[in-house]
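Residue numbers (the numbering used here), protein chains in the order written: chain A, 11 to 361; chain B, 11 to 361; chain C, 1005 to 1642; chain D, 1005 to 1642.
Hints in this document: simulated from the structure, not taken from any laboratory.
Treat the hints loosely; a few may be bogus.
[Stated by the list, open to error] Below are the EDC-like pairs computed for lysine to aspartate or glutamate, each with C-alpha atoms no more than 20 Å apart in a straight line:
| hint | chain 1 | residue 1 | chain 2 | residue 2 |
| --- | --- | --- | --- | --- |
| 1 | D | Lys1143 | A | Glu334 |
| 2 | C | Lys1302 | A | Glu337 |
| 3 | C | Lys1625 | D | Glu1214 |
| 4 | A | Lys159 | D | Glu1299 |
| 5 | A | Lys70 | C | Glu1457 |
| 6 | D | Lys1117 | C | Asp1506 |
| 7 | C | Lys1215 | A | Asp355 |
| 8 | D | Lys1625 | C | Glu1209 |
| 9 | C | Lys1117 | D | Glu1209 |
| 10 | B | Lys354 | D | Glu1209 |
| 11 | D | Lys1302 | B | Glu44 |
| 12 | C | Lys1302 | A | Asp42 |
| 13 | D | Lys1164 | B | Glu44 |
| 14 | C | Lys1302 | A | Glu167 |
| 15 | A | Lys243 | A | Asp267 |
| 16 | A | Lys354 | C | Asp1511 |
| 17 | D | Lys1608 | C | Asp1612 |
| 18 | A | Lys354 | C | Asp1612 |
| 19 | B | Lys354 | D | Glu1214 |
| 20 | D | Lys1117 | A | Glu44 |
| 21 | C | Lys1117 | B | Glu44 |
| 22 | D | Lys1302 | B | Asp355 |
| 23 | B | Lys354 | D | Glu1299 |
| 24 | D | Lys1143 | C | Glu1206 |
| 25 | B | Lys354 | D | Asp1506 |
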Amino acid sequence: MTATELGLPALGGLVGVPTADEPQKAKDYKSDQEVRWCPGCGDYVVLNAVQSFLPTLGLKRENIVFVSGIGCSSRFPYYMNTYGMHSIHGRAPAIATGLAVARPDLSVWVVTGDGDALSIGGNHLIHTLRRNVNLKILLFNNRIYGLTKGQYSPTSEEGKVTKSTPLGSLDHPFNPVSLALGAEATFVGRAVDSDRAGLTEVLRQAAEHRGSALVEIYQNCPIFNDGAFDVLKDAEEASRRIINVVHGQPITFGGGDYAVVREGFGLAVAKTADVAPEDVVVHDAEDLNLAFALSRLSTQDLQHTVTGVFRNTARTTYDDAAREQVEQAKAAKPADLGALLHGKDTWTVAG
Amino acid sequence: MTATELGLPALGGLVGVPTADEPQKAKDYKSDQEVRWCPGCGDYVVLNAVQSFLPTLGLKRENIVFVSGIGCSSRFPYYMNTYGMHSIHGRAPAIATGLAVARPDLSVWVVTGDGDALSIGGNHLIHTLRRNVNLKILLFNNRIYGLTKGQYSPTSEEGKVTKSTPLGSLDHPFNPVSLALGAEATFVGRAVDSDRAGLTEVLRQAAEHRGSALVEIYQNCPIFNDGAFDVLKDAEEASRRIINVVHGQPITFGGGDYAVVREGFGLAVAKTADVAPEDVVVHDAEDLNLAFALSRLSTQDLQHTVTGVFRNTARTTYDDAAREQVEQAKAAKPADLGALLHGKDTWTVAG
Amino acid sequence: MTTDVGNGAAPAGSPDKAGTDKAGTVRKLDRVVIRFAGDSGDGMQLTGDRFTSEAAAFGNDLATQPNFPAEIRAPQGTLPGVSSFQLHFADYDILTPGDRPDVLVAMNPAALKANIDDLPKGGILIVNTDEFTKRNLVKVGYAADPLEDNSLTETYQVHKVAMATLTIGALENTGLGKKDAERAKNMFALGLLSWMYHRPTEGTERFLREKFAKKPDIAEANVLAFRAGWNYGETTESFAVTYEVAPAKLNQGTYRQITGNTALAYGIVAAGQQSGLPVVLGTYPITPASDILHELSKHKNFGITTLQAEDEIAGIGAALGASYGGALGVTSTSGPGVALKSETIGLAVMTELPLIVIDVQRGGPSTGLPTKTEQADLLQAMFGRNGESPVAIVAPQSPADCFDAALEAARIALVYRTPVLLLSDGAIANGSEPWLIPDVEDLPDLSVTFATEPNAPDGTFWPYLRDPETLARPWAVPGTAGLQHRIGGLEKADGTGNISYDPANHDHMVRLRQRKIDGIEVPDVEVDDPSGEARVLVIGWGSSYGPIGAAARRVRKLGMPVAHAHLRHLNPFPKNLGDVISRYDRVIVPEMNLGQLALLLRAKYLVDAISYTKVQGLPFKAEELQDVLADVIKGVSE
Amino acid sequence: MTTDVGNGAAPAGSPDKAGTDKAGTVRKLDRVVIRFAGDSGDGMQLTGDRFTSEAAAFGNDLATQPNFPAEIRAPQGTLPGVSSFQLHFADYDILTPGDRPDVLVAMNPAALKANIDDLPKGGILIVNTDEFTKRNLVKVGYAADPLEDNSLTETYQVHKVAMATLTIGALENTGLGKKDAERAKNMFALGLLSWMYHRPTEGTERFLREKFAKKPDIAEANVLAFRAGWNYGETTESFAVTYEVAPAKLNQGTYRQITGNTALAYGIVAAGQQSGLPVVLGTYPITPASDILHELSKHKNFGITTLQAEDEIAGIGAALGASYGGALGVTSTSGPGVALKSETIGLAVMTELPLIVIDVQRGGPSTGLPTKTEQADLLQAMFGRNGESPVAIVAPQSPADCFDAALEAARIALVYRTPVLLLSDGAIANGSEPWLIPDVEDLPDLSVTFATEPNAPDGTFWPYLRDPETLARPWAVPGTAGLQHRIGGLEKADGTGNISYDPANHDHMVRLRQRKIDGIEVPDVEVDDPSGEARVLVIGWGSSYGPIGAAARRVRKLGMPVAHAHLRHLNPFPKNLGDVISRYDRVIVPEMNLGQLALLLRAKYLVDAISYTKVQGLPFKAEELQDVLADVIKGVSE
Ligand SMILES: Cc1ncc(C[n+]2csc(CCOP(=O)(O)OP(=O)(O)O)c2C)c(N)n1
Ligand SMILES: Cc1ncc(C[n+]2csc(CCOP(=O)(O)OP(=O)(O)O)c2C)c(N)n1
Ligand code: SF4
Ligand code: SF4
Ligand SMILES: [Mg+2]
Ligand SMILES: [Mg+2]
């Protein structure tokens, strides 16, 4: 029996998680712990966005868990009045997988950084994605190691001068969206920290998705990589650079001035006026090849940055399937410990 | 200064490795160690192919190193009369990276399995690929853990019944080619163990490529996953299934009866007779989006299997760039240890 | 019950029971060790298993030890390809699979060459002559056929049997091809041995018919071959003597044969049932631990989830995540895997969650000798993490004991909210012995109470407010309203569990974590000293229980009293251990490592313990330990 | 040279030198401890560094200890945001950064609150009053302004200075905005302190102009603020006394100030130069080890490659791969990273390749206290791997000593072809002291010889044929014709290095690897016992050298002889250690862990060593150890 046959792909991401009796407010999600990021850190805005967004899900707070690794961003769970674990560097997806498998009644969120998720934790991330464990993974990408005070990360631009690379870094960076798509992710989205509405929309879709949802969040680190995403925050620049995609909609941006069209097997940007309307690519979040091409349209230098949901497709989740196997086994055979211990071949010694 | 500025992308993969004075034969590459795979194991054919191929490179044998992890396939180095290290599970790419960085005069090969490379070693693999370290990585994919006697692997088909999954596996497998492409690989190829010519051709291009070259080799494990690739070995079946791609050539197969054409943002198979010649996709190994689409055309059930070189593109290698930084630093500043130890701020105590 | 006086050199077991000893007659023995050896393709493990089952059903006590080649399938007929299975059965309770075989069955030249040195002078050697071809002899470096000259017959009782030929002959009319027919030759060997030792046969025939239910012709062929072997013994003149080993006087009850890995898996199943918790095994395959995963994956009906992760770190991570969620998190591995898991074990120490870490030890360091046994991970278990990171350590002493040890590990993990390292090893993992199946009603109650209410004076919930007795913190699982809290790897303030960089708090917490582990209630260690006059104490742990126990019996038989204490609990040590040690003039600690327990004992009790070590990837032999003990005892009396 | 008799409670250093003590006059002191404390944004590290440089240039001996907040930038004005820098300077050779400050400079209420308890009665307290606003006071939980009531003035010599206001005033005419001007207040504080302690000023002015060369107005502003502070002292009446600390009589030579991490990095550079090998550092950032990477990445001109890998495992893997290729492979990390590297260390043990593993220890277990110090990884270094997996262990005893320790680690790694664990810690990594810069000519020759020829009797190359003296195997690097061979993690046959499952060979190799490490030549441990009459021996290792040494001096001053032995070599121990220990009635081992060295000493020498432990994330204070030693000494004499 394959996992697919085990069914359930039609379920929403939060089915099984108990809902709250009363409406909630953002402040219900604030813990009593003092927030300790640097002034101006992009993590604050993301925290606020999440705390404002979660009440809209209407879940019991105690059924929400945030699991993080190590890094500035990974301190996130302390600030949430939910359950939480600030674990060890890179391992949050693994720990969250065990939790999600054990507990269908929880909404499990992973908070991680570009170092935590893509450097030391890269393997757990890609395996979680291929397994499609029902986890929402918020990847705070500031393109730097914040907590260890400023070394380059796997998403830093080539040639970056940092504490550990005084002559410039040599590694070609990952494109987290391409990587996730290559790793069979069923849901990949991207948002910019400062864009509360865009971020909230991606979070909403991620929460509704049953399975792993990777959300890359461009996050400013004013201390060690200040202004990394400034061109996306300046309104005018942003209009030329940010391409927000919506499933089923033609991909245009810059107030409709620009459009995305095909070019070879990939995509290119054109003036909307210069192309026929039918040549404007319509986003289809089910289409992996399109999602991949979109991920390549976003360049490391932010010339173009696609935001929104690249891919959103249904596939049985690992945790649902794992529980289903246990349930089927239980239904098929009672848990008779005595019988198990005896097995088939016994002999008896009389007194 | 960026890595790209450091230059060198035009070099061949083997530049800097000394060449042999005399022509070599396959048997020169056979070590004195008894080969200890199971009878009929696909590893034998790959070993033979490699031993026959290497002499054609004309390198000094002592300048070739095979580094492997753990698994049946990872015993490969013992059988090669070159230098070799049979390291630990999953870590061969990391060890080989250090070796390649330290030694420009070596041709370094990594031998690994689907478990070794994609399960425990997944992170090292993707980082090696994005860095583009000048390593040739032979991934023996038998879709099973051979050495530990038959558990499913990250490339096993969903629902697979194995020792560890008596009710069927639940994980959605990796597509190693897609994963590598998402991880910024500059060279990705695939071959089937039994196809010596095809394998040799991919090896040849891999050796010539300067940078990481991942070669996925479908390998039969007669003991724990026998016949996994049998449909690709039956001549008739193979002609309908194997799509061998060659850079610059239209992609047709089945003796020209079938062709690959576009479908949406991806690819599909058509009868050549039914499509216009200009609609037949021409392979371009420089085109990442095409390579990705080709990787998705290959399905897990081997309905279609693309072989050959999916991607082959030049990018500065990490090891060249790292050495270049050292050389530039040396040229810029003599290695004066005394001066370093003294630094700027000293004081002297008189006797 | 204390008649285990081996003299390995005696043919076919020790003839110290009444019995006539002439042609065609039956000799009574108290114990026999048989070793089946052949190519890995020859089915030796199955053959041994079957003989074992029959011996068990017959009522003998027994212990077995398989020996696999390191390669999956080394080339046929080569030395590395030899696979063997040794079993020891007796009319009294025995402790080990036997030092050396009394009977060696060698299916080919490689098997002969690899095993003959273990056969004592005068032992019975049964060889399948069909495989003694020139090619096969050369393959293993025999210049001449050893069956042709007198070298063997001078030293052993040699029986040359053309097993393949005889099997093919017996199956002539089955329509089976020669090759298929020849495959059944291991059943021929089994039949012959069954005859020699007066074993019942119905069980094996039933077994074969069940096993090959889908291929009745193969089933029939195997049964025929088995009978042919039996008849060969019965009808040819070559075997003058047959042997009987009476049933053992074992404790009353129902028994089964069980390997260590199976018993360990059952222990985990039982821990889940007795605690009422779902079990989540997060693991990654590795020899010799993989069978625990294989076994547990069959028992999902007990609420067991088995998760084969991408690596050891993910495996233990998933187990810890599951524990955090209120399941019993378990991870299984061998030494190299423990090395990888060490950072996460540290996180479990800090978060104080229950976790069972099973280490089936194998030969090290590094990849080492993956298929061999060793006890060299004790200090890794104790100290293999950064910082002061104490964990509980429990070790089983025999295959069947793995069941109890697993339950004990679960008890400690659940009561004290701590990782527990469970140190099995390759010898007991694959070895087997009869197991007196416990009554489910008698199994310990492991039920736990989750926190449900705020516990702090200020009306809030403090996740690190401890039980004053066990020092365990409350287990408050997600989903519990009002108890939302955050845990993690940073140092915690005592009580509130908030992050704390306070120096005094850190010192306090470091000591508290240590005190929690030191304070775990473990049973006193029992000393086995029948005479009460011993002046020498031998202390062991883990799988050396059998050989140490057997050696102790032997030296006592020789009139030298010795006391034996075997540690199930390596951390904390039993409270009476210091007292026990102080009662003896000399303490000796045999270990399959370079003296790891000895180091701990020396450091803690300042006792000049003698460390006797052997690191050969093999269990101790009772014989060698007998000599070692005797020497020490003599040293003390002089 | 042995005048380090601290009485921390004395104001402004111990006035045990001649000097008048009245208003407006100069008092001579032998030593002073100053602590600058402020918000992490206040530039306290820079301020401390500058004072240190001036003291060094002036010729004092000194030692410093920075204390960073755990957060990158905790919210301004909060307790977790406090950053401090303590420096101890003296006219004689000192051993520690000082137990407690004589002078505390507190730039805001948080800094006051976090540090005031460390200031002894009568100590000098200088506060920046401008920050004592209601809001800031509330932030750190002060109900009332502590500067307003008498609580402080009753206990300390309090100087209230409106540093921000004064700085802004001084910069009025520079055109700088108020906010920018206010930022220079740390230089005001520095100026004031420089005046108080008669420090030279030119160096600082030069430094500021260089540092802000690109922003001359900022440079000028800082210089002005610095002078304003100085003038404030000179012109106001509040400071009645100023102090002088004469230059120390240090050994002849050229000195510089150096932190442990820098010295360690330089040691690695030197090891590369002295061995003639390229260095490959494969590493992953982690506090407090990252600065070693940062430093080494600046020195590529010495043939150093720094590779920031994807994780610790890849880092050590790359280092080992480089070693295999004939480079000096180095990896640097802290405790959690060592846990992750343990499997690969095992591979290095088996492949017998040179490798330096630097562990800058921090508070554990798990993530623990990342910015604090601890010595709790010793047993992890010894035993944190599967199987019998011995490695050499070396520890530096002070910041400057890290240089020598790194060279020593390299020597052992290269001569014996073994991984060496180099155990530094957070205290010496970030602490600094003057370093008598060695002559490059005097550095040890570490040159190595690669194998170039077949070495075996049969004319082939055997990669495991050992040097009979060192037991090291040949280092045959790829590229060497005729020496092709394969190594790996499976057990090797002695000599040939082929895979071997032979039991006797395994036992032999396990013992051989142990013997190789046990046989490493290390210098005898020296005992410091000036009187030669000590009956108590204190044994330490690593960064506790300073406080133990200082405490020993103190008790000797009180007439109680004590011997101090400090171990650089933790594995193997120096050969004379057993002898040394046996000469004393009592042995005490102070450690910043729960007694890890004590455990090893007890096990090896069966000595009832007293373990004195403190695990607070802070170095020992000489004061507390003085009491501990005195008690033990009294116990022995009674
Ligand atoms: C095993 C281990 N290795 C290294 C570290 C040190 N470390 C902590 S966070 C971090 C990287 C943080 O970068 P990122 O994930 O991008 O998070 P950010 O701080 O930028 O939010 C590193 C290297 C650690 N804590 N544990
Ligand atoms: C750290 C560690 N974990 C687990 C193992 C056990 N192990 C050895 S090889 C292997 C998987 C082998 O599968 P693959 O890489 O596909 O190689 P194959 O044997 O199929 O060629 C495993 C799990 C090990 N040796 N070391
Ligand atoms: S270092 Fe950067 S990422 Fe970290 S808290 Fe500060 S601003 Fe945020
Ligand atoms: S188990 Fe499979 S992969 Fe391994 S050697 Fe045997 S046939 Fe080959
Ligand atoms: Mg980051
Ligand atoms: Mg495989």
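Hint check against the structure, violated hint numbers in rising order
Numbers 1, 3, 8, 9, 11, 12, 13, 14, 16, 18, 24, 25 - these are the hints that the structure violates, sorted from lowest upward.
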